[in-house]
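In order, the protein sequence lines correspond to chains A and B. According to my numbering, the stretch in the first sequence is residues 51 to 163, in order. According to my numbering, the stretch in the second sequence is residues 28 to 139, in order.
Hints listed in this document are in silico derivations from the structure and should not be mistaken for laboratory results. Fair warning: this is a prediction, and the values are worked out from it, not measured in the lab. Any given hint could turn out to be false.
With a cut-off of at most 16 Å between alpha-carbon atoms, the simulated EDC-like pairs for lysine to aspartate or glutamate come out as follows [to be verified]:
{"no.": "1", "chain 1": "A", "residue 1": "87", "chain 2": "B", "residue 2": "83"}
{"no.": "2", "chain 1": "B", "residue 1": "96", "chain 2": "B", "residue 2": "80"}
{"no.": "3", "chain 1": "A", "residue 1": "121", "chain 2": "A", "residue 2": "65"}
{"no.": "4", "chain 1": "B", "residue 1": "96", "chain 2": "B", "residue 2": "86"}
{"no.": "5", "chain 1": "B", "residue 1": "92", "chain 2": "B", "residue 2": "80"}
{"no.": "6", "chain 1": "A", "residue 1": "106", "chain 2": "A", "residue 2": "81"}
{"no.": "7", "chain 1": "A", "residue 1": "118", "chain 2": "A", "residue 2": "134"}
{"no.": "8", "chain 1": "A", "residue 1": "121", "chain 2": "A", "residue 2": "105"}
{"no.": "9", "chain 1": "A", "residue 1": "92", "chain 2": "B", "residue 2": "89"}
{"no.": "10", "chain 1": "A", "residue 1": "155", "chain 2": "B", "residue 2": "65"}
{"no.": "11", "chain 1": "A", "residue 1": "155", "chain 2": "B", "residue 2": "86"}
{"no.": "12", "chain 1": "B", "residue 1": "98", "chain 2": "B", "residue 2": "57"}
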Amino acid sequence: GESVGLHLPTLSVQEGDNSIINCAYSNSASDYFIWYKQESGKGPQFIIDIRSNMDKRQGQRVTVLLNKTVKHLSLQIAATQPGDSAVYFCAEILNSGYSTLTFGKGTMLLVSP
Amino acid sequence: EAQVTQNPRYLITVTGKKLTVTCSQNMNHEYMSWYRQDPGLGLRQIYYSMNVEVTDKGDVPEGYKVSRKEKRNFPLILESPSPNQTSLYFCASSALGVDTQYFGPGTRLTVL
């Protein structure tokens, strides 16, 4: 997984800070959005999802915000911990069929103790 | 333990030598998919399968084949690998469609 991080925008935060990771999606017809976390050497792991009829959804320490007007998603992580260090991807699904997923390029989050 | 397994995890091969990367899931999932991940390009879908004997192309299917003869297995076949297929490959599965996929650990392939 180490080469996954090359060429990615990076967000560096201190432990305990709140982190906000942004994503611009491409298709106004997209109906469903997912955030994934990918740690070094591992496959992507589901974090949280949101449907296009919602503006906000909260999970444990994470919140996803959706702004359909400007086609923008954000992932907020509260009280960021060193274990949150990873690459974060947003992904969109078109409402034409739940068969294919289009991933964004990702953001690397680095959390310093 | 519920999991998606891939083999091999690492492979170095030469141009033109056929290879197969296996993928197996133990969750009785209907949907399985293959992705490749390249620096600066993110994850791109190669092929997917909605069920046994049903496969379809993703965004980058050229140079790849798949088969789905059993529900648990979804091998990725490179008949004549080329250097531009050097990449990190992930298999994924879910009960229904793409929304709750579980990803395997990845296979790093290098084609010389």
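Hint check results:
1. Annotation: proposed proximity of residue 87 of chain A to residue 83 of chain B is violated, straight-line Cα distance about 26 Å (limit 16 Å).
2. Distance restraint check for residue 96 of chain B and residue 80 of chain B: the Cα-Cα separation of roughly 6 Å lies within the 16 Å cut-off, and the hinted pair is therefore satisfied.
3. A C-alpha spacing of about 30 Å is found between residue 121 of chain A and residue 65 of chain A, which places the hinted pair above 16 Å, so the restraint is violated.
4. In summary, the hint linking residue 96 of chain B to residue 86 of chain B is not supported, as the alpha carbons are separated by about 22 Å, beyond the 16 Å threshold.
5. A threshold of 16 Å between alpha carbons decides the hint, and for residue 92 of chain B with residue 80 of chain B the separation of about 13 Å falls inside it, so the pair holds.
6. Distance hint between residue 106 of chain A and residue 81 of chain A is fulfilled; the C-alpha atoms sit about 14 Å from each other, no more than 16 Å.
7. Proposed proximity of residue 118 of chain A and residue 134 of chain A is contradicted: the alpha carbons are some 27 Å apart, above 16 Å.
8. Proximity of residue 121 of chain A to residue 105 of chain A is assessed by CA-CA distance (about 12 Å); at most 16 Å being required, the pair is judged to hold.
9. Note on residue 92 of chain A and residue 89 of chain B: the hinted pairing is violated, with a Cα-Cα distance of about 25 Å set against a maximum of 16 Å.
10. At roughly 10 Å between alpha-carbon atoms, residue 155 of chain A and residue 65 of chain B fall within 16 Å of each other, so this suggested pair holds.
11. Taking the CA atoms of residue 155 of chain A and residue 86 of chain B, the gap is about 15 Å. The hint holds against a cut of 16 Å.
12. Straight-line distance between C-alpha atoms of residue 98 of chain B and residue 57 of chain B comes to about 7 Å, which keeps the hinted pair within the 16 Å bound.
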